[in-house]
Amino acid sequence: MEIALSWYLGLSAVLFAIGVAGVLFRSNLIIILMSVELMLNAVNITLVALSQYMGEVSGQILVFFVMSVAAAEAAIGLAIVIAIFRNKLTVDVNNINLFKW
Amino acid sequence: MLAESLFILLGTVSVVAALGMLIARNPVTSALWLILTLFCVAGLYLTLSAEFIAVVQVLVYAGAIMVLFLFVIMLLNLGALPQLEKMDWKKALGFVLCVIVLSQLVFIVATSLQLMPATATVAEDAGAATTIAKTLFTRHMLDFEMIGVLLLVATVGALMLAKRKFA
Amino acid sequence: MDISGAYDSILYDIAGGFSLLVLLLAGIVCIVWDIFENDEPVLPFVAAMACVVGIVWEVRNLDAGSSTVFYDSIRAYGLASYINITILLSALATVILSVPYLKRIKHGYGEVYALIVFATAGAVMMGTANSLVTVFVGLETMSISLYILAGLVRRDEGGIESALKYFLLGAFSTGFFLYGIALLYGATGTMYLPEMASGFIERGELTLLFWAGIALFFVGFLFKVSAVPFHMWTPDVYQGAPTPLTGYMSTASKAAAFAALVLVLYYGLAPMPVAAWQTALAVVALVTMVLGNLLALVQNNAKRMLAYSSIAHAGYVLVALTAGTSQGYAGAVYYLLIYSLMNIGAFGVMALLEWDDKEGRLQTIDSLAGIGFRKPLLGVAMGVFMFSLIGFPPFGGFFGKVAVFAPAIEAGYTWLAIAGVLASALSGYYYLRVLYVFWMRTEEQADPAVRARAFPVSFSSAAVVVTCALVLLVIGFIPYVRDLTQIYFDASVFATMP
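Protein chains in written order, with the working numbering: chain A, 23 to 123; chain B, 59 to 225; chain C, 182 to 679.
No lab work stands behind these hints, which were simulated from the structure alone. Careful, some of the hints might be misleading.
[To be verified] No farther apart than 25 Å at their CA atoms in a straight line, the calculated lysine-lysine pairs in the DSS-like style are these:
#	chain 1	residue 1	chain 2	residue 2
1	B	K192	A	K110
2	C	K556	A	K110
3	C	K539	C	K556
4	C	K287	C	K556
5	C	K284	B	K223
6	C	K539	C	K284
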């Protein structure tokens with residue numbers, strides 16, 4: 023295993039930024055949800071890489087929990103999307119603007 | 059050398075696929091790109107010899123989460139109305155912000171490399187299911203219980219929010 | 182790794198995490214019971230009893246020495262008991278206030294009470310966490326339950342939009358929070374807070390990775406407590422969610438998030454140079470107080486006004502955390518207790534005075550003109566809550582504000598404390614406006630729909646509101662409550678600072 027740790031961390035940072043960009047730029051709710059999943063995955067790479075290089079297992083335990091949380095978030099997020107779609111017949115965030123300060 | 063080329067291959071494909079997800083017009087295409095990214099991430103876990111996490115990654119993400127996404131996209135019949143995203147100043151600002159954050163993260167990660175706490179070589183058994191299971195059921199038993207509750211909450215909540223007639 | 186003796190101390194662990202386990206059990210009982218008897222009216226009673234049992238247990242352990250249980254996953258006794266009481270009191274009040282409210286809007290599902298209990302369990306876990314893994318798991322359990330509860334009235338477009346906003350921004354901030362945890366883990370090599378501190382004392386240096394981690398971690402936290410650059414979700418979510426549950430979001434979940442932040446700062450980061458993030462926290466606290474209060478001034482909707490007010494109060498707590506001393510942390514914990522009591526009371530009154538059938542989304546403050554004469558009990562209670570939120574002397578809020586501002590002055594942040602006092606003075610305008618509308622206007626100025634409506638007040642709801650008001654009247658004169666927090670934070674931890 024001669025790959026430098028920084029490669030993994032750098033790749034993870036790039037994927038995380040792509041996920042952030044997806045949340046900020048896309049207006050389709052489902053793609054925003056997928057971008058959030060990508061962000062969580064990017065963090066998982068960091069955690070597994072750090073955990074393996076330090077020989078400390080709790081990073082991988084957290085990854086295990088993050089995956090469960092990602093599954094739960096996907097389920098709830100998609101349920102909310104379905105409820106929104108029934109109400110407004112759209113999944114575009116720009117059309118969901120009831121509240122104004 | 060093999061490990062390095064494998065990493066470069068998987069890393070490149072995962073970034074390209076993530077960008078594909080970002081710019082695809084059709085949600086189904088986006089989801090398929092994301093699945094490719096997730097498989098590459100699973101491959102990356104294998105290069106880190108974290109076999110258990112790699113297997114779980116494929117099972118949970120490709121097997122469950124992405125199927126759910128595709129199912130919902132098709133249920134709502136979203137593929138039929140692809141929309142052009144229009145660029146405005148807010149998004150441009152967001153993009154600039156994004157690039158700054160990205161460059162900072164890459165810079166920090168690259169520079170703190172030599173400052174990392176002394177890193178041992180990868181422990182061969184650290185990624186094995188036995189090690190993870192033993193830690194999970196002793197040191198992290200409370201967290202593990204709570205994750206069970208979390209999944210129960212998600213099941214109940216998804217029903218409450220999405221069922222046609224809830225009572 | 183031999184695990185044959187892994188569960189030897191399980192009885193001790195169960196005693197330490199008793200209130201958490203009771204909550205989990207009660208939640209599961211609610212869910213299973215609801216399968217057989219749909220929307221059984223006893224379920225809220227089960228939920229409330231779990232909270233009561235937890236409170237009684239924790240009160241008995243208030244003076245016990247702090248320790249950790251479940252392999253150092255969570256803290257128990259002492260400080261943890263104090264935090265748990267704050268969270269459980271808010272949860273108990275929420276459950277009792279929700280029963281008549283949800284019955285009125287015809288959403289009194291049994292699942293709701295199970296979700297409140299599970300959210301409370303998550304909050305308790307987060308608020309007493311001793312490792313970053315536990316913080317994350319508790320936070321997510323709490324948040325996901327709250328996303329669902331925010332969207333409870335999904336036929337109303339406001340309700341479901343509120344859930345969507347809460348969910349999207351919550352999930353987004355979770356990403357940052359998690360990245361922060363990952364980088365902190367990389368920089369310190371551990372997930373456990375005390376080990377982070379001792380590891381730092383040994384090494385004596387901080388990497389750039391650590392600073393990046395801390396920054397992302399704080400961003401995630403500030404999202405959850407709705408401090409100003411990250412506050413935009415709060416008013417929208419509060420306005421659209423069912424009112425008693427909004428009260429829960431602004432009290433229990435905020436108290437849990439702040440408690441976790443205090444634990445991280447005190448146990449995990451105490452030996453590290455506080456000055457580095459003090460300035461950042463001070464700026465955030467200042468902006469949060471000023472902007473929260475200014476935006477609250479221009480609100481017509483009562484729930485939106487209370488949402489901005491809760492943002493401002495997050496700023497006051499941040500003032501105490503800025504001080505970075507044991508008095509500061511003690512003040513923050515004390516303030517959270519008082520803040521929870523007055524805010525849950527204020528939201529309780531608004532829930533009882535709701536008439537628009539849209540979870541108060543369209544209801545202006547002015548529409549309730551002269552309601553104090555029709556419902557004197559609620560009017561007087563609201564008076565207590567409003568004066569307390571301003572920080573007027575005989576009420577609890579005043580003692581809370583003293584507890585958060587005094588440590589900041591001692592730590593040399595006099596300008597911040599002065600800004601806080603000025604911001605509180607500014608807040609008097611919009612809090613007193615509520616009382617002006619309630620008491621100084623005549624009923625004829627009220628909305629016709631309000632005049633036609635009876636506003637029935639059930640005994641249990643009235644009891645909760647009155648109890649909160651009475652406690653706020655006397656709590657400042659019971660020094661025990663304040664002194665306890667001082668004992669928990671031992672100044673010796675700070676002696677190791679290099």
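Status of each hint after checking the structure:
The suggested pairing of B/K192 with A/K110 is violated, with an alpha-carbon distance near 48 Å, which exceeds 25 Å. Taking the CA atoms of C/K556 and A/K110, the gap is near 38 Å; set against the 25 Å cutoff, the hint is violated. At most 25 Å may separate the alpha-carbon atoms for a hinted pair to count; C/K539 and C/K556 meet this at roughly 22 Å. For the hint linking C/K287 to C/K556, the alpha-carbon distance of about 24 Å falls within 25 Å, and the restraint holds.
Of the supplied pair hints, the one linking C/K284 and B/K223 holds, its CA atoms being roughly 17 Å apart against a limit of 25 Å. Taking the CA atoms of C/K539 and C/K284, the gap is near 14 Å; set against the 25 Å cutoff, the hint holds.
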